[in-house]
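Add chain F to chain D, keeping to what the hints say.
Protein sequences appear in the order of chains D and F.
This note's numbering applies: residue 1 is where the first sequence begins, and numbers increase by one.
This note's numbering applies: residue 1 is where the second sequence begins, and numbers increase by one.
Just so you know, nobody snuck in bad clues.
Sample of chain D residues facing chain F (criterion: CB under 8 Å; computed from the structure):
1. 25
2. 27
3. 65
4. 138
Bear in mind the hints are in silico, worked out from the structure with no lab data behind them.
These numbers were taken from a predicted model, which means no experiment stands behind them.
We treat Cβ as the ideally placed atom computed from N, Cα and C, and that holds for glycine.
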Amino acid sequence: MNNKYLIYAGLLFLFFLVHSSAVKVFQGSSFVPELLLLAVIIFAAMNSLPETLWFSFGAGFLLEIFSAEFFGAHIFALLICGITAYLATRNLTAQELAAPTAAFLVIGATLLRPALVWVYQAGVSSLDLATAIPVGVFLNGELFYTVLVNLAIFYLLRAGIRYFPALNK
Amino acid sequence: MFSTYVHTLLAFLLLAVLVFLSVSAVLAPVMDWLRVGVNFLDYPFVAVFGFVKNFSGILWNVKNIAQENVLLTKQVEKLTADVAALERVGEENVFLREGLGFRTSQRRELIPVEIISRDFQNPDQNLTINRGSRHGVALGDPVIVAGNILVGVVAEVAENTSAVDLLTSSKVAINALVVPGGASGLVRGEHGLGMTFDLVSQNEVINPGDQLLTSGLGGQFPKDLLIGEVSRITSGESELFQRASVLPATNYRDLNFLFVLKP
Chain D
1 MNNKYLIYAG LLFLFFLVHS SAVKVFQGSS FVPELLLLAV IIFAAMNSLP
51 ETLWFSFGAG FLLEIFSAEF FGAHIFALLI CGITAYLATR NLTAQELAAP
101 TAAFLVIGAT LLRPALVWVY QAGVSSLDLA TAIPVGVFLN GELFYTVLVN
151 LAIFYLLRAG IRYFPALNK
Chain F
1 MFSTYVHTLL AFLLLAVLVF LSVSAVLAPV MDWLRVGVNF LDYPFVAVFG
51 FVKNFSGILW NVKNIAQENV LLTKQVEKLT ADVAALERVG EENVFLREGL
101 GFRTSQRREL IPVEIISRDF QNPDQNLTIN RGSRHGVALG DPVIVAGNIL
151 VGVVAEVAEN TSAVDLLTSS KVAINALVVP GGASGLVRGE HGLGMTFDLV
201 SQNEVINPGD QLLTSGLGGQ FPKDLLIGEV SRITSGESEL FQRASVLPAT
251 NYRDLNFLFV LKP
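The following block holds chain F by itself, in its conformation from the complex:
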């Protein structure tokens, strides 16, 4: 019985010591190398689960494929027309910028990264990527997917791995503006459950379906990264500010490869 108490005490004491080491950042390199090791060792399991997922996905979705095909064909037609129009506008834009002597948009450096895990408890709030300070990743760097869609921000950096807070995380708040209209406000994460567009003046007009882009205010995020679209206005007319729920521009549960954006 005495031995049981001693073991219990020792276990909780060791936990306290590890917490202290973690707070003092002594444990960070150990966890970093463990992440790298696990990422290497779980490769065969990932391959098997990946096969199972793809195979079951095909079986599950076989009914919807034809329907989805029709929808995608229509979208491709619309996007082709949009691209043609945008190319023309782009050329005109370059011509006018040169004419007026405007600074051309800067080229941004991208670091390609792979997701090596998600938070087991709350997968919509935080994920781990396979690049760290050794590869140039820094705290606060924006994380995007192809097409300039902002998905998160680097929250912790170790030598070989980093933790990314998704935009749905309660730790993230971004200055955003609405297109069309230009109403500005703050996009906040809701503890992994979604996003809210808040602090929008009652004089501004926002509608469901409007797109939300980073405004560039504050300097942490470059401007014009797509965040999502306004899904529903959730505030009343008597409130000081307008508030709306936000639909992310991409499904955060389907992410595999990302880019860390270096400003």
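Here chain D stands alone, though its shape is the one from the complex:
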């Protein structure tokens, strides 16, 4: 297996451990950054679409471990976020993740992900497989803080990734 994939898989799992620990300790505060979503955006900007798809799938599966939504909601949301980030960095913005591009991607993805989880949950509940949850539970004022903290962490990750040339090969 390519070294790059092992490093990415390791980083993804590490991000998940950090994220789940932060959620556990800070009891679901809005200031906990969505590390896996940020990892998906960075990965989408630097790799091909098939690679992005499977990376997003893996990230979504990890989020399913502690999810209370119907199974698949997070996989679905991150798959769409990954594809969207990939297409945006190839068609709408520059692929270099300059500051405005990064802001556009992070804000868009932070709002898109819960909206997609809601859409998935609404679809599943229409089949009587789960309880419908109001959109306000997913898209509310607390997202503003999540966007801010995601932006801050994303710029840190973007700066940090330059020191790991193995990831850019």
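Relative to the frame of chain D, chain F by itself:
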């Protein structure tokens, strides 16, 4: 390009297969062991974040500590007096129960559990605990914190872990009664956003500050577990039933250790 379509199709196909396995409960043991593994592996991160949280909490609250101390001292004095009075009433109660031949209250079995995670999307609706069917946890068991405060109900049970719906979850509805007064109604969760005390007859009197206890009706929850207190009456006089918002008896975001109550 063709390869891209194939990969996209395969990814969504795999998602469909996993959903099918999840619905058929085949995936549950895998997720259960993953939860156990993650709970073990995240220990160093939890320790670091815990230290950061405690340290920043001290810095953040240093101004309020003196004020809080005065308030707590007053509360301790009041509670000491209450305990003394209740002990006396308790003794009298035992004496009268024995005299009248009443059945004494049953001892309940408690299973101590630790929260290993919360739902990432909606942390006020669902949490995961580190005990499952192997430890005696069963579907529908009430979950309490010290002091008989009801906080949730077991919603899913795997071998080693379980999922708990908090009382603020839309999946939970409990028969409750008001103290003082005895007005009865139904406490419902509001999708993780709060709780509502509903279906209370207009003939009953409820006031902000009244305490809500489980009534024991329906048999799922034992009676006299504290749910919270009436915060605000939200219904009008012309409505068929009274409705009120409920303030939980404890902060659900500060929970770490809980007890599963075996009836």
